[in-house]
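Q: The primary structure of each chain is shown beneath.
Number of protein chains: 2
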Amino acid sequence: MSYAPSNSLLGRAKAGEIAAIARLISRAEAGIPEARDTLAEIYQGSGKAHVIGITGVPGSGKSTLVATLAARLRAQGQKIGIVAVDPSSPYTGGSILGDRIRMSDLASDPGVYIRSMATRGAVGGLARATLDAVDILDVGGFDTIIIETVGVGQDEVEIAKASNTTVVVSAPGLGDDVQAIKAGMLEIADIHVVSKCDRSDATRTISDLKHMLMLGLKPGDKPEWNAPVVGISSYAGEGFDDLIDALNRHRNVAFDTETGRKRRLAIASYRLLKTAENLLLERFVENSNPHRLALAQRLSARQADPYSLANELVTASLG
Amino acid sequence: MSYAPSNSLLGRAKAGEIAAIARLISRAEAGIPEARDTLAEIYQGSGKAHVIGITGVPGSGKSTLVATLAARLRAQGQKIGIVAVDPSSPYTGGSILGDRIRMSDLASDPGVYIRSMATRGAVGGLARATLDAVDILDVGGFDTIIIETVGVGQDEVEIAKASNTTVVVSAPGLGDDVQAIKAGMLEIADIHVVSKCDRSDATRTISDLKHMLMLGLKPGDKPEWNAPVVGISSYAGEGFDDLIDALNRHRNVAFDTETGRKRRLAIASYRLLKTAENLLLERFVENSNPHRLALAQRLSARQADPYSLANELVTASLG
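Protein chains in written order, with my numbering: chain A, 973 to 1291; chain B, 973 to 1291.
A couple of the hints might just be wrong.
As the list makes no split between identical chains, a pair holds if one copy fits it or if it spans any two.
The calculated lysine to any residue pairs, modelled on SDA-like cross-linking and capped at a C-alpha distance of 25 Å, are [what the hints assert, rightly or not]:
1) K1020 <-> E989
2) K1020 <-> A992
3) K1234 <-> E1258
4) K1234 <-> P1262
I should point out that these hints are in silico values taken from the structure, not numbers from a laboratory.
This is chain A alone, in the form it adopts within the complex (with noise of 0.2 Å):
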């Protein structure tokens, strides 16, 4: 009988155990070569949690909603994954930073687990990594996976959005606050949620959301589904109800229906371009090599410019 320590690893993390699916996503975020064999096995077994892209501008209130949201779909005996991709996020290595409360609850429920991807490496690579770890968190039997992503670049953004249902978090009181969230972003929502509704100008940010959203309104464009607005308050517990049921009705749109099927092939599109690009600019990177310093000393004597040789580098790489 030959010993496969990749398998058993597998074999534990599909029985749900935390340091066996901790290893794995550190190993797909690592990008390690013998990891991708069983990423490959991983990747046929998953695809039945609902995957929920969360994201919003700083200050919008999304971890907080994260957590509410988190603590209750757990409370319904669901098993939650969080992934969060986010440099100014409270999580920290599985643990939390700060004085959330309900984080911390969270945090030593062996039902949560909750996972910081670092924003770093190759472009494709954050992505990748993220897509890699739900997955993961898919096999091992996690229920709903829950991406949190600021929504500042546009890499967080695409990040968000592929998940089967995405929600962009709006907020009173963040200046020019709804003006602030960038078309793009409210393009992409499934749901909208406005949060802090405890304060009194929430309503304000509602009307105006809704006003915006008319105003760009596209029919026909999604025919199964209009996408809603609900106002929650993390504080007070509100809207929370109202968010699980558009949740769930969201679900069905995104698994049973031609939308979700064409959702999911622009999903994988956008999967394979990035891990793809990951691919290439690693092979770049080690053929350039012996290629770079000549270049490099034309560069810094100023005797061509980044364009050029960038050019010259990609062709002699290239062969």
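Chain A is fixed; fit chain B onto it per the hints.
A: Same frame as chain A, but now just chain B:
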């Protein structure tokens, strides 16, 4: 006489016209091919300004430090460019969010130009665009150019390193403050700043930092330079004379020594790689388009895993 719009734009930028500089940076940021010819010419004429990279964890007081430092250097008659690579940066599109009086003062001064770079797009894109922006400000006659990056992602730290002088900002009261600063960030510092030194716990932060630096000291690593630790208080306006003195002393090392020459070569090599990666990905996305749908369909149907299909996509696209 031929009409040469790019050249006249460049001519106006060289004369220090802010609107022309801003337009060139926007074109560089968008990466439009016709901008590259202009950038080639710009590159040959740059290299005079003192480029200072300033990085630190969120909450370290980087932006306030940058504002105060810029105001001090401006008062000495220098023209100051600030390129902010930080999603949580208080600057936006050349103007300033929030109620920072000092920053607002700077924003109305034509001798200070502040630019936020969008943290989006392909890999290498951010570094490439940031370094292009620095060159444009350089030929536009700015004496000191500050690149401000949030010290979280690897890319951001690398960008701060691609300067003549790198300043790493620490602050008291950030939880496990100094410990939380990654070793990689401390290593890149030519000057360490501990901000918020009006606080009583700053002395402890300074001594902890010095202790960490002693532990990590590699003798002979930087023979011409021993990175100093400078305590400042933007609130009380203290420590900035020491900081400016350290910056000037390091400027001499950066421009006039063998250490400086090696560093310029390393930066050129980094810039070359990032520009080449950007170029390679641009071509790849274009070439891969005809092959993506069929492979994405197989991925979406889980007939194969992302890594095998990405490999097929790379092979098909590079032919």
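Q: For every hint, state whether the structure bears it out.
A: A quick look at each hint next to the structure:
no. : hint            : in the structure
1   : K1020 <-> E989  : within (18 Å within a copy, 58 Å between copies)
2   : K1020 <-> A992  : within (20 Å within a copy, 53 Å between copies)
3   : K1234 <-> E1258 : between (36 Å within a copy, 22 Å between copies)
4   : K1234 <-> P1262 : between (44 Å within a copy, 18 Å between copies)
In this structure, every one of the numbered hints holds.
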